[in-house]
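Could you slot chain R with the ligand onto chain E? The hints should help.
Same order as they appear, the protein sequences are chains E and R. With positions in the first sequence counted from 1, the corresponding number in my numbering is that position plus 185. With positions in the second sequence counted from 1, the corresponding number in my numbering is that position plus 36.
A couple of the hints might just be wrong.
[Said to hold, decoys possible] Distance ranges between label pairs, derived from CB positions:
#	chain 1	residue 1	chain 2	residue 2	range
1	R	176	E	403	29 to 37 Å
2	R	131	E	246	36 to 44 Å
3	R	38	E	211	31 to 39 Å
4	E	238	R	120	25 to 33 Å
Since the hints were made in silico from the structure, they are not lab data. Cβ atoms here follow ideal geometry from the backbone N, Cα and C, with glycine treated the same way.
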Amino acid sequence: MRTLNAAQITEAIAKTASEKAYHIPEEILRGFDQAMKNEKSETGIDVIKQLKENAAIAAKGEVPYCQDTGTAVLFVEVGQDVRIEGNLEDAINEGVRKAYVGSFLRKSIYKDPLRRVNTGDNTPAVIHYSIVPGDKVRIVFGAKGGGSENMSKLIMLKPSDGIEGVKNFVIDTVSQGGANACPPLVVGVGIGGNFEKCAILAKKAALRSIEERNADPFYAELEEEFKTKCNNLGIGPMGLGGTVTVLAVNIEVYSCHLVALPVAVNINCHAARHGEIVL
Amino acid sequence: MAEYRLTAPLKEEDAAKLRIGDKVLLSGVIYTARDAAHKRIVESLDKNEKPPMDLKGSVIYYVGPTPPREGKVIGAAGPTTAMRMDAYAPRLMQEGMKGMIAKGKRNDAVKKAMVDCKAVYFGATGGAGALINRCITKAEVIAYEDLGPEAIRKLEVVDFPLIVVGDCAGGDLYIEGRKKWEKK
Ligand code: SF4
Chain E
186 MRTLNAAQIT EAIAKTASEK AYHIPEEILR GFDQAMKNEK SETGIDVIKQ
236 LKENAAIAAK GEVPYCQDTG TAVLFVEVGQ DVRIEGNLED AINEGVRKAY
286 VGSFLRKSIY KDPLRRVNTG DNTPAVIHYS IVPGDKVRIV FGAKGGGSEN
336 MSKLIMLKPS DGIEGVKNFV IDTVSQGGAN ACPPLVVGVG IGGNFEKCAI
386 LAKKAALRSI EERNADPFYA ELEEEFKTKC NNLGIGPMGL GGTVTVLAVN
436 IEVYSCHLVA LPVAVNINCH AARHGEIVL
Chain R
37 MAEYRLTAPL KEEDAAKLRI GDKVLLSGVI YTARDAAHKR IVESLDKNEK
87 PPMDLKGSVI YYVGPTPPRE GKVIGAAGPT TAMRMDAYAP RLMQEGMKGM
137 IAKGKRNDAV KKAMVDCKAV YFGATGGAGA LINRCITKAE VIAYEDLGPE
187 AIRKLEVVDF PLIVVGDCAG GDLYIEGRKK WEKK
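Next comes chain E alone, as it looks inside the complex:
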């Protein structure tokens, strides 16, 4: 049994969370370069130029990339051979608190959804735990913007709706909400599981690298097809018209009940801030 001190987790999360607010992932920057080549609209090219410049300014470490520094979302995989000394959940939230308070990030979390008072430190985080083999703790951190989150949707399709139904739902969701979600987008799609599993799959997909395709060639192909279809919508950078609406469509799937075909679309914006921690 390996022992891990909860304080180490706090430190690692604090570091990653503050870093990501200022440094957009390299893969997204490469996505912008690609978008510069693929974008045909002049306004669209202007927007992408601004995003590149914005990334360069933010990377100096004084001003965050985007003012919505997001909800902290964490996928925490705890190896079953690790013993954590201290309170894991408190340690995670402490890491988030340190980053948001100490690194001049915006505190966007309300304690209660209806009574709406700010907690002042961007906690609590949204945390998804799983127990996995091994003696490591692996954490995927995401800072998820609220504007793009609001354009996300879930549907319980009928199995007879089939692949066409899935396609239509994904493309319609981007078509309706894409312009408001700061395109170029990263579209996370969950297919299968049940009601809650499907939403979690979509979130995982939205926080995945845009350069990583689904391991199953069937879904990898579907990702490419959805991407082309989304770009054909003409929404373009910032929704002002153009040929690059999405940087990627990422799909995650899970087995499901014979009467079910759940589909969730979690929209992420160009500020697709995420990072991985292994302890």
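Same frame as chain E, but now just chain R with the ligand:
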């Protein structure tokens, strides 16, 4: 698609000449306000009280910035989604507001008010918080301090890069721009 350098507050003829797709570098004085501040402004207008800023020719920026570092005036300051302000914007246009800066689509009532009142809707690049920070040279809370990041700030801006996304001829770049590039 023309390019302009304009100064805020906006003159009637400046707002009226702009058309969707035009690029504007805006300098001068603008005000920040989000949902809660809008609600209060409209409430004070309803009570025949003076709003906290002169609305005539005013440009309002929908933004909730990150906190400034020491010695800085403001943090990252990109636009927020406009639709949450749709309920209040027509009233402010009737009172003389000439420009709105934000991101995302507007509803028909807002678009109609822009035509009736000869006002303009500018799109700023969503998420470009660090870039826009550089255009803001001064920031001062002038009302509703209790709202924190949502308090009304008076900003001085220099060459704030904007694109006209809604104009007083009823143009909407979210519709027209997309139409141009959509592949059926
Ligand atoms: S949608 Fe994304 S890029 Fe746009 S303001 Fe929100 S977090 Fe920033």
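How the hints compare with the structure:
1. R:176 - E:403: 29 to 37 Å: With Cβ atoms ~58 Å apart, the hint is violated.
2. R:131 - E:246: 36 to 44 Å: With Cβ atoms ~42 Å apart, the hint holds.
3. R:38 - E:211: 31 to 39 Å: holds, 37 Å
4. E:238 - R:120: 25 to 33 Å: Holds - the Cβ-Cβ distance for residue 238 of chain E and residue 120 of chain R, about 28 Å, lies within 25 to 33 Å.
Checked against the numbered hints given earlier, the structure breaks only hint 1 and satisfies all the rest.
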